[in-house]
Amino acid sequence: MRHTNRGPYELNRQVESKTISVLEGLITSTKTKLIWLKADSDAGRRFSGGTLKATADFIADQEMVAASDAWLRMSAGDHRDGLTLPTVGVPPWMARVALALPKGLMGNPHQEWFEMTREVHLATAPLFGLIAVPALNDRAALIEAGRLWQRMHIQATVLGLAVQPLNQLMEMTDRDAALQRTSPAAETLESLATLAGDAFAFAFRIGYSRFMTNPSPRRNLADVIAN
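Letter 137 of the sequence shown, counting from 1, is numbered 141 in the working numbering, and no numbers are missing.
Treat the hints as calculated values from the structure; they're not laboratory data.
There's no promise every hint is true.
[Unchecked claim] With a Cα cut of at most 25 Å, we get these calculated PhoX-like pairs of lysine-lysine:
(1) 22 to 42
(2) 22 to 37
(3) 42 to 57
(4) 35 to 22
[To be verified] Beta-carbon label-pair distances, calculated as ranges:
(5) 186 to 18: 29 to 39 Å
(6) 16 to 163: 34 to 44 Å
(7) 18 to 171: 38 to 48 Å
(8) 169 to 112: 17 to 27 Å
(9) 53 to 32: 27 to 37 Å
(10) 66 to 32: 38 to 48 Å
C-beta atoms are modelled at their ideal positions from N, C-alpha and C, and glycine is treated no differently.
The task is simple: from the sequences and hints, build the whole structure.
Laid out in structure tokens, this is it:
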């Protein structure tokens with residue numbers, strides 16, 4: 005089963021080239037390609053800076069925050085989806101302490117997300133990956149990008165790697181386009197597109213985790229398969 009690890013990664017432990025080759029071997033369509041950015045490269049720093057800016061813009065948008073809130077679960081409860089506190093990437097003992105606190109003392113989850121993005125997700129990632137497609141209006145290519153990520157996510161988990169989607173740049177690009185306004189997120193992605201000659205549909209970080217985080221609650225297969 006795939007596993008999203010939102011905790012700190014081992015910054016000084018690089019992902020081996022043979023492992024990268026295994027992941028690239030999962031590409032089955034000419035409509036997708038993988039671009040790798042070392043975190044300490046110029047492109048990696050541009051991606052990090054743009055992602056942090058996009059995160060700040062996201063939490064400043066009240067409509068996006070409200071939509072995001074609908075998926076926050078303080079505990080698994082009756083939900084088998086969304087993001088629960090034990091899976092946000094803090095050590096298990098810290099999650100247990102936080103769950104014991106009254107909701108009003110737990111702070112602003114969106115500000116916590118911003119700080120985790122800055123201090124953990126970006127700061128401890130040795131490597132970023134982006135899935136490129138010929139064009140973002142190519143629906144078949146977008147489906148192939150999603151299928152590639154699912155295969156990669158499962159394979160990474162099998163290989164003992166930690167992975168986490170980092171799609172704030174894509175989310176804010178879409179939001180800015182919908183509101184017909186200038187998009188710093190789109191400008192960042194366009195500056196990186198010279199590496200692929202294409203458009204980016206998905207982004208993630210990859211590495212080796214400092215500790216294993218809790219798996220997210222998920223629905224049973226029988227609950228989502230129609231007869």
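Cross-check of the supplied hints:
1. 22 to 42: Holds, because 16 Å separates the two Cα atoms, which is no more than 25 Å.
2. 22 to 37: Distance of about 17 Å is within 25 Å: holds.
3. 42 to 57: With Cα atoms ~19 Å apart, residue 42 and residue 57 stay inside 25 Å; holds.
4. 35 to 22: 23 Å, holds
5. 186 to 18: 29 to 39 Å: 37 Å, holds
6. 16 to 163: 34 to 44 Å: With a Cβ separation near 19 Å, residue 16 and residue 163 fall outside 34 to 44 Å, so the hint is violated.
7. 18 to 171: 38 to 48 Å: 23 Å, violated
8. 169 to 112: 17 to 27 Å: 22 Å, holds
9. 53 to 32: 27 to 37 Å: 33 Å, holds
10. 66 to 32: 38 to 48 Å: Between residue 66 and residue 32, where Cβ atoms are some 40 Å apart, the hint holds.
Of the numbered hints listed earlier, those contradicted by the structure are 6 and 7.
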